[in-house]
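Each chain, letter by letter, is given below.
There are 2 protein chains.
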Amino acid sequence: MSRQRIVMKFGGTSVADTDRIKAVALRVKRETDAGHEVAVVVSAMAGVTNQLVAWTRAVATLHDAREYDAVVATGEQVTSGLLAIALQELGVPARSWFGWQIPVETDDAHGKARIRNIPTAELSRRMADGQVAVVAGFQGLGPDNRVTTLGRGGSDTSAVALAAALKADRCDIFTDVDGVYTTDPRIVAKARKLDKITYEEMLEMASLGAKVLQIRSVEMAMKHHVRLQVLSSFEDKPGTLVVDEDEIVEHEVVSGITYSRDEAKITLQRVPDRPGVAAAIFGPLADASINVDMIVQNVSEGGGTTDLTFTVTKGDLDRAMKVLGDRRGELNYKALVPDANVVKVSVIGMGMRSHAGVAQRMFKALSEKGINIQVISTSEIKVSVLIAEEYAELAVRSLHTAYGLDAA
Amino acid sequence: MSRQRIVMKFGGTSVADTDRIKAVALRVKRETDAGHEVAVVVSAMAGVTNQLVAWTRAVATLHDAREYDAVVATGEQVTSGLLAIALQELGVPARSWFGWQIPVETDDAHGKARIRNIPTAELSRRMADGQVAVVAGFQGLGPDNRVTTLGRGGSDTSAVALAAALKADRCDIFTDVDGVYTTDPRIVAKARKLDKITYEEMLEMASLGAKVLQIRSVEMAMKHHVRLQVLSSFEDKPGTLVVDEDEIVEHEVVSGITYSRDEAKITLQRVPDRPGVAAAIFGPLADASINVDMIVQNVSEGGGTTDLTFTVTKGDLDRAMKVLGDRRGELNYKALVPDANVVKVSVIGMGMRSHAGVAQRMFKALSEKGINIQVISTSEIKVSVLIAEEYAELAVRSLHTAYGLDAA
Chain A
1 MSRQRIVMKF GGTSVADTDR IKAVALRVKR ETDAGHEVAV VVSAMAGVTN
51 QLVAWTRAVA TLHDAREYDA VVATGEQVTS GLLAIALQEL GVPARSWFGW
101 QIPVETDDAH GKARIRNIPT AELSRRMADG QVAVVAGFQG LGPDNRVTTL
151 GRGGSDTSAV ALAAALKADR CDIFTDVDGV YTTDPRIVAK ARKLDKITYE
201 EMLEMASLGA KVLQIRSVEM AMKHHVRLQV LSSFEDKPGT LVVDEDEIVE
251 HEVVSGITYS RDEAKITLQR VPDRPGVAAA IFGPLADASI NVDMIVQNVS
301 EGGGTTDLTF TVTKGDLDRA MKVLGDRRGE LNYKALVPDA NVVKVSVIGM
351 GMRSHAGVAQ RMFKALSEKG INIQVISTSE IKVSVLIAEE YAELAVRSLH
401 TAYGLDAA
Chain B
1 MSRQRIVMKF GGTSVADTDR IKAVALRVKR ETDAGHEVAV VVSAMAGVTN
51 QLVAWTRAVA TLHDAREYDA VVATGEQVTS GLLAIALQEL GVPARSWFGW
101 QIPVETDDAH GKARIRNIPT AELSRRMADG QVAVVAGFQG LGPDNRVTTL
151 GRGGSDTSAV ALAAALKADR CDIFTDVDGV YTTDPRIVAK ARKLDKITYE
201 EMLEMASLGA KVLQIRSVEM AMKHHVRLQV LSSFEDKPGT LVVDEDEIVE
251 HEVVSGITYS RDEAKITLQR VPDRPGVAAA IFGPLADASI NVDMIVQNVS
301 EGGGTTDLTF TVTKGDLDRA MKVLGDRRGE LNYKALVPDA NVVKVSVIGM
351 GMRSHAGVAQ RMFKALSEKG INIQVISTSE IKVSVLIAEE YAELAVRSLH
401 TAYGLDAA
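Protein chains in written order, with the working numbering: chain A, 1 to 408; chain B, 1 to 408.
Hints in this document: simulated from the structure, not taken from any laboratory.
Covered by chain B, per the in silico footprint, the following chain A stretches (three or more residues, Cβ under 8 Å):
hint : region
1    : 43-56
2    : 63-71
3    : 86-97
Even for Gly, the Cβ is constructed at its ideal location relative to N, Cα and C.
Could you build all of it, start to finish, from the sequences and the hints given here?
Laid out in structure tokens, this is it:
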């Protein structure tokens, strides 16, 4: 195999203690032994970030985001120094890089900064010389010369951005799962690990609750055509590749079933059916920073009124009810009905675009189990339905079988 | 009182947890409320540095000093961010500064770097605007653009160097003791806190075992005429000022009695008394990085041999014995006798220079208690004697009384 340039990212559980850090060093050494150029991106040791966050909160409930970043970014710095030492101990040339040293240039949105640029001349030169770059993830340098952080889970984004800047052949994300599955293996014992999946499918899965990768990192990988691999840091076997569509020869129609319990439904009964009513409802919700997901407006059956249903996250339900309750006079609905006992189940697949009947198969499978569909929404590669929460596992299992995803 | 510029330094026990950090913020606020410009230098929270050091050791016994610095310096960074938050919470404008941000420019001696320069234009401007600079102590930026540390206890040095660069009116070192005492209060109940002491005396005290201030920080304060104050972070009362000699109107003859148990004595019996013998003995010890402290060579009583006695630290005793044992043939001594059961007791005072009989009073006081003096060495402001370790407390108490230092 020819010499490759690889970015390897290890999350908090993979570097939880010094023994794990030594194990990571051995894993990295396998790549350098094979002649590859390697940059490693590390998270804070499991628990360290929580401790740092707890300290900032103990000092003040509301705190300067710049100081929060200054404190919290130290966790990744510790890991990068320790891993550099562990690699050197194995005879692998290595050095740590903090965000400000490279620098990973970000905007000034402290606590949720976005990466603007990563100059890589020096890193590239050293990597070509055989030195492993051990980069502290999750952090960068703002235009104010202060430490920024990319938000929780931002180390995935650090790794993908670095892989893009370094024009790496692959970005391996080591996690505590061994890949992306057709659905949650805790619910469906016959769930299968996928060998490959497209960025688009991964994005839908991530936004629908699969916690494997941070959404922003997948978006960035898609934009820069970074070949991602999700794999286990504890087992030695291939994971799931997240790649461009053209790398996948034959698509299955559906590649995954996801579910999200973090949904709540609100119905406005008998709203006057006139132009501007949707704006009058969703404008105030947007002003209150409440994200609305699925929206269904029934055709009105005469009488000049309509029922309007939409979903928000469970955490936003009370605030959304208050916003709309306060506007009852203006909106003139008959009743405002919340329902938190719902789950959103989705089928995802690139193949949907060229296959008819995918949605129909979903409706039929749910119907055969007597599951009532409350709301439906579709996109190019996804069909989502809202159902009563008690049917969540039954629905996911039925769909997994219906689309032929069960392992042999 | 006119507006002053003050550097305040808080050590690890003063910032041991978030409650202590809040207490420090209140203490700092008193100075800003009084209209003063303040920079604060902080150590890592007690225990944090030890944890970081333990991690580096768990990964590898021998490790790259640059990576060690990268890991260990994070402790002070955490404290500086937290204290900035605590100050803001009290309505005091503040921001954290890491070594690389100011930058505190050092040489590249990682793990024991020396400060070369601290540009203060930006700090000064902000302090004049009322913003408290919360500086992470113990760290700097090397010429290789990497984090350096100044060695254990280096936060004192950070504070003094910053005070010198900022031309501060005073550098307050907050510790877990409330000042510098005439002697160790654990041994002498009647020990008195000194209001003022000269740099020279403080240096002798520090090098003789008083742990109040790091020696380098005192040297630096002396060189740059920084007025140091050692005071308690837990009690609200004046501490001890360490100042230039001309600030002290009338010197006591002796200002302090110190002792050090970290001494060991080696005697070479009947070494040939010829030119070059001292070089032949101490050259190999210096080559082995063994520091020799007191040296006494007795006048030879005919026969062409002499006895030569010197002291090393207890930690170096075994190595020193081996170095000299290996050279027995060359050095041609009759016997090599180690003795670790010794203590060095010293009386220190600027007034010694203008008062006769200070040493004599010491010898007399010890003699009256039946304490035999093994080795004597003197400097301009100090007389030290080596005695059997069992007499340590008795000697210190006797001398404290003999020089009139006992509190009323």
